[in-house]
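Next come the chains, spelled out residue by residue.
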Amino acid sequence: MLPRVIDAHRVLPELVWCGFGVLAMLMQPFVRSRHFFTFLALIGALAGTAASVTSAMHAGPGFDGLVQSDSFSFFFRLLVGTVAFLVVLVAEPYLERERLPFAEFYALLLFATAGMGVLASAQELLTAFIGLEMSSISSYILAGYRRDSLKSSESAMKYFLLGSFATAFFLYGIALVYGSSGTTKLTGMGSEELFHSTYFELGLAMILIGLGFKVAAAPFQVWTPDVYEGAPTPVTALFSAGPKAAAFALLLRIFATVPAATHFWFWAFWVLAALTMFAGNLGALVQTNVKRLLAYSSIAHAGYIMVAFAAVTFMARSGAAEAAPAYAAVLFYLLSYALVKLGAFTIVSQLGGAGEKNLSLDDYAGLSQRQPWVAAALSVYLLSLLGLPVTAGFFGKFYIFKAAVNSHLLWLAVLMAINSVIGAYYYLRVIVVMYMRESSAEAAAAPPVGFPLTVNFVLAFTVAGTLYFGLFPNQVLNFILQPTLLGH
Amino acid sequence: MVPTNYYVILSAILFGLGVFAFIFKRNIITIFMSIELMLNAVNLAFVAFSQPLGKVDGQVFVLFVIVVAAAEAAVGLGIIILIARNRQTLNVERVDLLKL
Amino acid sequence: MPKYPMLEFLWIVPLLPLLGSAVNGLFGAKWPNKIVNWVAIGSTGLSFLGALEAVREFFESGQVLFHEEFFTWIAAGNFRAGFDLQMDQLTVVMVLVVTGVGWLIHIYATGYMAHEGGYYRFFSYLNLFMFFMLILVLAANYVLLFVGWEGVGLSSYLLIGFYFLKKSASDAGKKAFIVNRIGDFGFMLGMFLLFKAFGTLDFAQLFAKADRWPADAMGHLGTFTIACLLLFMGACGKSAQLPLYVWLPDAMEGPTPVSALIHAATMVTAGVYVVARSHILFAHAPTAMLVVAIVGGTTAFFAATIGLVQTDIKKVLAYSTVSQLGYMFLACGVGAFSAGIFHLMTHAFFKALLFLAAGSVIHAMGGEQDMLRMGGLSKKIRWTYVTMLTATLAIAGFPPFAGFFSKDSILLSTFENEYGGRNVGYALYGFGLATALLTAFYMFRLIFLTFHGRPRFDEHKVHVHESPNNMLAPLMVLALLSIVGGWLAAPAMLGTGPDYFSKFLQPVFGGVEAAGAEAEARSLEVTLAIVAVLTALLGAAVAYWLYLKRPEKTDALAKSLKPAYSTLLNKYYVDELYAAVVVKPLLWISTNVLWKGADIAGIDGAVNGIAEGATAIGDGVRHAQSGNTRSYAVWVVVGALVVIGVIFFWPFGGKAVIGMVH
Amino acid sequence: MGREMTAPLVVFFVLAALAVIGAVSLILQKHPIHSALSLIVVMVALAGLYLLLGAEFVAAVQIIVYGGAIMVLFVFVIMLLNAGVEEHTNLSKMAGAPGLLLVVALAGFVAATIAKSAESVHAAPQTGELASTLEISNMIFKDFVYPFELTSFLILVAVLGATVLAQREKS
Amino acid sequence: MLHGGHLLSVLIFFPAVGALALLLLRGDDHKFIRIIALIVSLAEFLFSLLMIRAVPAGAAGYHLEEYAKWINQPPINYHLGVDGISLFLVILTTFLTPISILASWKSIAHRVKEFFVMLLMLEVGVVGVFLSLDLFLFFLFWEVMLIPMALLIGIWGHDRRVYAAVKFILYTMAGSIFMLIGIIWLYNATGTFDLPTIQTLLHTPASQGGLELAPRTETLLFLAFFLAFAIKVPLFPLHTWLPDAHVEAPTAGSVMLAGVLLKMGTYGMIRFCLPLFPEASRRAAGWVAALAIIGIIYGALVAMVQPNLKKLVAYSSVSHLGFVVLGIFAFHNISMQGAVYQMLAHGISTGALFLLVGMLYDRRHTFEISEYGGLATPMPKLAAFFLFVALSSLGLPMLNGFVGEYLVLLGTYQRHWGWASWAALGVIFSACYLLWSYQRVFFGEITREKNRALPDASAREKWILATMAVVTLWMGIGSTFITKRMAAAAQDVIDQVEPQRPYEAAAPSEFKRNVVKLNATPTQTEQDPARAAANIVARERLGIR
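Residue numbers (my numbering), protein chains in the order written: chain A, 1 to 488; chain B, 1 to 100; chain C, 1 to 662; chain D, 1 to 171; chain E, 1 to 545.
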C-alpha cells in the first residue's frame with residue numbers, strides 16, 4: 001500500500017509549492033538578490049498552478065481517499081495559486097519599502113498556499129486539519145511579519161491565539177465525528193445512521209465552529225478586522241482571498257460528500273449568514289480606515305457566500321446535479337471576490353506609503369484627480385463588491401440570489417438584498433471620497449504614489465478579470481457546472 | 001472496564017476548562033497553555049474513541065496533533081516573545097491597539 | 001377655385017391674428033410703432049374681412065351648419081380631437097362681434113398705447129388673444145373650444161400683467177389665470193363626462209346623440225345635469241360669476257383697451273357662449289338650468305350692489321360687467337338662449353364703448369381713475385362724453401338704445417319661466433329688475449361724478465385733453481352700434497314683426513319665439529318694458545339727486561349706513577374671505593404640514609432615521625470589537641453556542657430540512 | 001451508577017480527578033510557572049489514562065514530547081520573559097460574568113450531550129490488547145503518509161516562523 | 001435571428017464608443033472635447049431617428065429585434081427590440097443628450113472630459129434600458145446607468161452634492177435589488193429571462209403549458225418590480241431623493257434626470273408590471289392610483305411653497321409623474337397613451353425648465369427665488385422662454401403638456417371618475433406654483449442690484465431654448481405623429497392587463513386629414529333629421545369639389 005506515482009500527481013501542486021518554499025528557505029543564506037527570490041516565488045507559484053493542471057488530468061482520489069483531485073480542487077488550486085502569484089507581485093515593492101526580508105516571506109507564502117491547496121483537495125479530515133494548520137501557522141507568522149510594528153505583532157498574536165482556539169474546536173469536532181462514524185474520511189460518512197447520531201451532530205457543530213472562524217462568520221468574525229488591519233497589506237490581500245476560499249472549499253466538500261452535514265447545517269448556515277451579513281455591513285458603515293473597512297466588507301461577503309451554502313443544503317436534496325447551481329454560485333463568488341479583494345488591497349498597500357500611514361479614508365480624498373487610473377481601478381473593485389452589473393461581483397451576487405430564490409430562501413434573499421443596500425452605502429462612500437472630495441493640501445502637493453510594473457500588472461489583471469467575468473461568465477460557469485465537478 | 005463515555009466526558013470537561021482558562025487568564029503564555037489543555041482534551045477523546053472502534057488511527061491522530069501542537073508552540077512562543085519585546089507586557093488586555 | 005374659398009380655408013381667419021402676434025412678438029421689438037400697428041391692425045382687419053366673407057359664403061351656401069375638419073390634433077383610442085371648425089348662426093354672431101369689436105379696439109389701442117413701453121408686446125398679446133378667441137368661437141368640438149378657452153385665459157393673463165413691474169398687475173394676472181383654472185377644472189371634468197356618456201366631444205355628433213336621450217328629471221343629478229353643472233363651473237370662471245367672479249375686478253389692472261376687449265366684450269362672454277352652445281345639454285337638465293339662472297340672477301344683483309359704491313371708474317365698469325354677465329346667464333338659465341346671446345352682443349357694443357370711453361377719460365386725466373377726483377369733464381372732452389352717455393343710456397336700458405331691447409327680452413323670458421310646474425320666474429324677475437335699477441343708478445352716478453359737477457382735481461396740474469382721432473373713431477362706431485344694435489328685436493316689441501335676432505338664431509336654438517306673438521303676450525311684454533324703463537328712470541333720478549342735486553347727502557347716507565356701505569366698498573370681503581379660508585390655510589398646510597412635516601420630518605426623517613439607525617447599530621457592532629482578545633474569545637464561545645443552539649434547538653422546523661416538502 | 005467499582009475504574013477516577021484538578025489549578029494559579037506545572041500534571045494524568053486505554057505509545061509520546069519538550073519550551077519562555085504574577089486589569093466586560101455563564105453553558109451542554117448519548121460508541125469490546133507500535137507506524141507511513149509528509153513541512157514552517165519572529169532586529 | 005440590422009446595438013453602444021474615444025483623446029483641450037461629445041450625441045440622435053421608419057403606425061410588437069446568445073447558464077440573451085412606446089423614449093433620450101451637452105458648454109469648467117464621458121455613458125445606460133427585451137439585460141442597464149448619474153451629481157453638483165448622489169443611488173438600489181430577486185424568481189418559474197417569452201408563458205393557461213402564478217406570488221412579484229419602478233418615478237412617498245438630487249445636480253444632470261431617468265420607472269411599469277402581472281396590477285391599481293393622486297396634489301402643493309426654484313421644479317416632477325402613473329394604472333387605452341405622451345412631454349418641458357433654471361444659476365449662482373425678482377427687465381428673452389416653458393408645463397393646450405395630461409385624465413375618467421376628478425385638481429395647482437414662482441422671479445421691480453445688469457440669453461442659449469420651444473409646440477400640435485405610432489403598443493399593454501374589454505379593443509384608426517366627420521361616424525343611423533340635412537349639405541359640398 002505504498003504511495004503510487006499517481007498519488008503524487010494528485011497532490012503535485014502542493015508538493016511543488018512546498019518544494020519551492022523549501023528552496024527559498026535554503027537559498028536564503030546564499031543569495032542576496034531580492035529579485036532572485038521574487039522570481040523564484042513567482043516561478044514557484046506558477047509552477048504549482050501549472051501542476052494543478054497535471055493533477056486535474058490525473059483526476060481521482062489520491063492516497064486511498066485522503067485527497068481528491070477533481071475539477072473542484074483544480075478550481076481552487078488555480079485560484080489560490082493565482083492569488084499567491086499576484087500576492088508575490090504585490091509584496092515585492094512592499095517588502096522593499098518596509099525593508100523586510102524577502103526569502104522567508106515568499107517561503108511562508110508558498111507554504112500557506114500549499115496548505116490552502118491541501119484544504120481544497122482534502123477529502124479526509126485529518127489531512128484537512130494539517131492543511132488548515134499549514135496555512136494558518138504560515139498566516140500567523142505572515143501577519144506579524146512587520147516585527148517592529150506594534151499593530152502587526154498584535155495582529156499576529158490575536159490571530160494566533162484565536163485561531164488556535166478555534167482550531168481546537170475544529171479538532172474536537174473531528175474527534176467526535178471520528179468517534180461516531182469510525183472514520184475521518186468524508187466518503188465514509190454517508191451512512192444513514194449518522195443522521196441520528198448526536199455525537200456526529202455535535203462533531204459537525206464543532207467543525208462548523210472551527211471553519212466558521214476561518215471564514216469569519218459572525219459571531220466568530222471579531223478577529224477579522226483587527227487581524228486584517230494589523231497585518232502587512234499584501235498579507236491582508238492574501239488572507240481575504242486565499243484562506244477564506246480554502247476554508248469554504250472544505251465546507252463545500254463536506255456539504256457535497258456528507259449528507260448528514262447538509263442535514264444538520266442548514267439552519268446554522270441560515271442564521272450565520274444573516275448574522276454575518278449584518279455584522280459585516282453594519283460594522284463597515286462607521287469605518288474610516290480603508291483597510292479596516294475592507295475587512296468588514298470581507299465579513300459581509302462571507303455572509304453572502306453562506307447564503308449560497310444554505311441554498312446548497314436545500315438543493316442537495318435532489319442530488320448533486322440539482323445543487324450544482326448553488327456550488328457554482330459559491331465558486332464564482334469566491335473567484336470574483338478574490339480578484340476584487342486582491343486588487344483593492346493591492347491599491348491600499350501601495351497607497352499606504354512607508355509604514356502604512358495613509359490608510360484613512362481622508363487620504364483617498366481627491367484620488368481621482370491625483371491618480372485617475374488608480375481611482376478608476378479601485379472604483380471597479382468597489383463596484384464589483386457592491387454588485388453592480390458589468391463586474392464579476394454582480395454575477396456573483398446574481399448567482400447567489402438565484403440559488404437562494406431557487407431554494408425558496410426568500411427571506412434570506414431579502415435580508416441579503418437589504419444588506420446589499422447597506423453595503424452600497426459604504427462602498428459608495430469610498431468612491432465619493434475619491435471622486436467628489438478635493439485632495440488635502442499636502443496630498444495634492446506630494447508627488448503621486450509610484451505604482452511599479454508588478455503592481456500595475458496585478459491591477460490590470462484583476463480589473464480585466466473583474467470586467468471579463470462581469471461580461472462573459474460563461475466559460476467559468478461551464479467549467480463549474482460540469483457534473484463531475486466534485487469527482488463523484 | 002471503563003466505559004468510553006467516561007473518557008469522552010472527561011475530555012469534554014477538560015476542553016471546557018481549557019475554554020474557561022482561555023477566557024479567564026490574562027497572561028498570554030497561560031492563555032496559550034489553555035489551548036494546549038484543549039488540545040490535550042481532544043487527544044483524550046481520540047484515544048478514547050479509537051479503543052472501542054478497535055482502530056489505531058485515533059492514536060495516529062494524536063501523534064499528528066502533538067506534532068501540530070509542537071509547531072504551534074514554536075510559532076506561538078515566537079509571537080509571545082515578539083509581543084513581550086514590543087509591548088513590554090504579557091497581559092493580553094494591554095495588547096489592544098487594534099480595535100473598533 | 002373652390003366655390004366658397006373663405007369657408008374652405010376658414011382657418012385663415014384665426015390664423016391671421018396668430019401670424020400677426022408671432023411677427024410682432026418675434027421682430028416687433030426692433031420695429032417702430034408704425035410697423036407694429038400695420039401688422040396688428042392689418043392682421044385683425046383682414047381677419048375681420050375674412051370673417052365677413054366667410055359669413056357671406058355661409059349664408060350663400062344655405063347650410064344649416066358648416067363643418068370642416070382640418071387636421072387631427074389628438075387621437076387616442078376612440079377619442080379624437082380635431083382641429084375642426086364649424087360655423088352656424090351662433091358662430092356668426094360671435095365671430096363678427098369678436099373680429100369687429102376686436103378690430104375697433106385694436107385701432108383704439110394704437111392711440112391709447114402710443115406712449116407705453118413694450119408696445120410690440122402689447123399688440124402681440126392682443127393679436128394672440130384674437131387668435132384664441134376665434135378658435136373658441138369657431139371650434140367644432142369641446143376640446144378645440146377648450147384650446148381657445150385656455151388660450152384666451154393665457155392672453156388675459158399676459159395682458160392683465162402687461163405692466164409687470166407693478167405687483168398688483170402681475171398679481172391680478174395670476175389671479176385671473178388661477179381662478180379661471182378652477183373653472184376649467186369643472187369644464188374638463190364636464191368634457192370627460194360627456195365623452196364617457198356619448199363617446200365623442202364633437203358638437204354635432206354629441207348634440208345629435210344627446211337630443212335623443214331622455215332629459216334628466218327635475219332635481220335628479222343625471223349625466224346631463226352633472227355635465228352641465230361642470231360646464232357651467234367653467235363658464236362661471238371665465239365669465240366671472242359667483243363665486244369665481246373675484247378675478248375680473250382685479251383684471252382692470254390691465255391697459256384699458258384690454259379691459260374693453262377681453263374683460264368686457266369678448267372673453268368674459270365665452271362662458272355664456274359655451275352655455276348657449278351646449279343648450280341642447282342644458283335643455284335636458286332643468287336643474288342645471290335653474291342653477292344657471294339663480295347664479296346668474298344672484299351675480300347680477302350682487303355685483304351691481306358692489307358697483308354702487310366703487311369710486312374707481314374702471315372698477316365700476318368691471319362690476320357692471322359681472323352684473324351684466326349675470327344677466328346673460330339669467331337669460332340662458334331660463335332658456336332664453338337667444339336673448340342671452342342678444343344681450344351678449346349689445347353688451348359687447350356698449351360695454352366696450354364704456355371702457356374705451358373710460359379709457360379716453362383716463363387718458364385725458366393723465367392716468368387718473370378715481371371718479372372722486374374728476375367732475376365737470378363733459379365740456380372738455382365732449383366727444384368722449386357723448387359717446388359714453390350713449391353707452392350709459394344703452395346699459396341702463398333706455399329705449400331705443402340697444403340695451404333696452406336685449407334686457408327687455410331677458411326680463412320677459414325670466415318673468416315667464418317655470419321650473420317644475422312652479423313659477424320661479426317672479427323671484428328671478430325681481431332680481432333682474434332690481435339689478436336694472438341698480439345699474440341705472442351706478443351708471444348715472446358714474447356719468448355725474450365724472451362729467452358733471454365741479455371739477456375735483458387740480459386743473460393746473462392735470463391738463464385735460466380730448467383723445468386723438470384714432471381713439472375717437474372706434475368710440476363713434478361703437479356708439480352707433482350701441483344705438484342701433486338692438487333694433488333687430490324692435491319689430492317684435494312694436495308688434496310689427498318677429499324678433500329678427502331670435503329668428504336668425506332659430507336654426508341653432510330651435511323653434512322658439514313665436515314670431516307673431518299673441519296679443520296677450522305682447523301686452524305683457526309692453527307692460528314689462530314700461531316697468532323696466534320706469535325702474536331705470538328711477539335709478540337715474542336717484543343718482544341725479546344724490547350726486548348732482550344734493551352731493552352732501554351722499555356722505556351722510558354713507559355714514560348712516562356705515563356697515564352696509566363699508567361691506568359694499570370692500571366687496572363683501574370676499575377676497576379677504578378667500579384669502580383667509582382657502583389661500584392662507586393652503587399655503588400654511590403646504591409649508592408646515594406637507595413640506596416640512598410630511599416630507600422633511602416624516603418621510604425624509606424616516607429614511608435618514610433608518611440610515612442613522614443603521615449607523616448606530618454599526619457603531620454598536622464596532623464596539624463589540626473592543627480590541628481585547630479575551631472578549632473575542634467570548635464572542636467565539638457565543639458563536640459556538642449559536643451554532644450548537646441552532647443545530648440542536650432550532651424551533652423552526654429544526655433539522656427536518658431534508659424532509660421539507662417542496 | 002450501578003456499575004461495579006473495578007480496579008480500572010478506580011484508576012480512571014483517580015487519574016481523571018488528577019487531570020481536572022490540574023486543569024483547575026492551571027486556572028487558579030496566578031503565576032505562569034505554576035500554571036505550567038499544573039498543565040504538566042494534567043498531561044501526566046492523561047498519559048496514565050492513555051495507558052489505561054491501552055495506547056502506551058501515545059502515552060510515551062505524551063510524556064516525552066508534550067510533557068517534556070513542549071512544556072519545557074513553555075517554562076523556558078516564561079523564564080526568558082521573566083513573566084511575573086498575572087496583572088489584574090479589568091478592561092473587558094465581555095470576559096466577566098457573561099463569559100463565565102457562556103462557557104459553563106457550552107461545556108455543560110457538550111458534556112451533557114455526550115453523557116446522554118452512549119449510543120454511538122459501541123459497548124467497548126475490550127480486547128485488552130495493546131495496539132502495537134508497529135501498527136501505528138504502518139498507519140503513519142502507509143495510510144497517512146501524505147499528512148505525515150505535510151507535517152514535516154509544518155515543522156519547517158514553525159521553525160522558519162520562530163526565527164523570523166524572534167530574531168533580533170539587524171539595525 | 002437578426003431582423004433589422006444592428007441599428008439598436010449601434011444606438012446603445014455608439015455613445016460608449018464616443019465616450020471611449022473621449023477618454024483616450026487628449027484631455028486638455030476643453031473645446032475639442034465638447035465638440036466631439038456634441039458630434040457624437042448628435043449623430044446618435046440622427047441614428048435614433050432612423051428607428052421611426054422601422055416602427056410603422058398601428059403595428060404592435062417589437063421591431064428591429066436583435067438576438068444573440070450571451071450567457072448560457074442561466075440562459076441570458078442579448079435581446080433588443082423597439083416598439084411604439086420605447087421608440088419615442090429613446091428619441092427623447094438621444095434628443096436631450098445633445099441639449100444637455102450644449103447646456104454644459106460653459107458651466108462645466110473642471111474635469112471636463114470626465115463630465116462628457118459620464119453624460120455619454122448615461123446615455124448608453126438609458127437607451128439600453130429602453131431597448132432591452134431580456135429581463136437580465138434590462139436590469140443590467142438599469143443598474144449601470146446609476147453610476148454615471150451619481151457621479152454627475154456628486155462631482156459637478158452643488159453644495160450638498162455628495163449627500164444627494166448617495167441618496168439617489170441608495171434609494172434606487174434599494175428598489176432594484178428587490179427587482180433582481182423578482183427577476184430571478186421569474187426565471188426560476190419560467191426558465192428564461194426573455195421578456196416576450198415570459199409574457200407569452202404568463203398569458204397561457206397552465207393547461208396549455210403556460211405558467212399561472214398563485215395570487216400571493218404574483219402580488220409579491222409585482223411588488224418587487226413595482227417598488228423599483230416606483231422609487232425611480234418617484235411615486236409618493238418614495239420621492240424624497242428627487243428634490244435633493246435635482247437641486248444638487250448640475251443642469252445637464254437635472255435635465256437627464258427629469259427628462260429621461262424618471263421615465264425609466266414609468267416605462268418599467270408599462271413594460272413589466274402590467275403585462276407580466278395583470279392580476280396583481282388590477283388588485284394594486286386602486287392603491288397605486290391613490291398614491292399617484294396624492295403625489296399629484298402633494299407634489300404640487302409642496303412645490304408651491306418652495307423657496308428654492310430648482311426644488312420647485314423637482315416637486316413639480318413628482319406631481320407630473322403622478323399623472324403618468326395614474327394614466328398607466330387606469331388601464332384605459334386613452335389614459336395609457338396619455339401617460340406615454342405625458343412622459344415625453346414632461347421630458348421636454350421639465351428638461352427645459354431645468355435648463356432655464358440652470359441658466360439663471362449660471363448668472364447668479366443661486367436657486368433662491370427671493371434672490372431674484374424683476375428679471376423680465378434685464379432679460380426679456382429668457383423671461384419669454386421661461387413663460388413658454390412654464391405654460392407647457394402647466395398644460396396649456398397646443399403645447400405638449402396638455403395632450404398627455406388631458407388624455408390621462410380623460411381616459412382615467414372613463415374608468416374611475418373619482419380618480420380623475422381628484423387628479424384634475426393638479427391642473428389648478430400647477431398653475432398656482434408655476435405662475436407664482438414666475439411672478440416672483442421675473443415680474444415686479446428689480447429688488448437686488450446684482451440682477452440689474454444680468455445678460456440676456458446668449459446665442460447658444462437661445463438656440464437651445466428655441467429648439468426646446470419648437471419641440472414643445474410641435475408636440476402640442478402634431479401629437480398624432482407620436483400617438484399613432486404608439487397606439488398599438490399601448491393597446492397591447494391594455495389588452496394584456498384586461499383582455500376582456502372589447503369596446504376599446506378596436507384598433508385605433510388612422511385619421512386622415514379632411515375626412516368629413518359625419519362620414520366617419522360609425523353611428524350614421526343615429527342622426528336626427530335636422531342634422532341629417534346638415535350632413536347632406538356637407539356631402540354635397542364634398543361632391544362639388
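Hints are not guaranteed to be accurate.
Chain C is faced by these chain D residues, among others (derived, beta-carbon under 8 angstroms) [unchecked claim]:
hint, residue
1, Phe13
2, Gly99
3, Val103
4, Val104
5, Leu106
6, Gly108
No lab work stands behind these hints: they were computed from the structure.
Where a beta carbon is used, it is the ideal one built from N, C-alpha and C, also for glycine.
Evaluated hints:
Restraint check, Phe13 (chain D) versus chain C: the minimum CB separation of about 28 angstroms is more than 8 angstroms; hint violated. With 8 angstroms as the threshold, the beta carbon of Gly99 (chain D) comes within range of chain C, its nearest partner Cβ sitting at about 4 angstroms, so the hint holds. With a least beta-carbon distance of about 6 angstroms to chain C, the hint placing Val103 (chain D) at the interface is held under the 8 angstroms criterion. A distance limit of 8 angstroms between C-beta atoms decides the matter here; for Val104 (chain D) the minimum to chain C is near 10 angstroms, and the interface restraint is violated.
At its closest, the beta carbon of Leu106 (chain D) sits 6 angstroms from a beta carbon of chain C; the interface hint therefore holds under the 8 angstroms criterion. Evaluation of the Gly108 (chain D) hint against chain C yields a violated restraint, the C-beta minimum of about 11 angstroms exceeding 8 angstroms.
This entry does not satisfy hints 1, 4, 6, going by the numbered hints stated previously.
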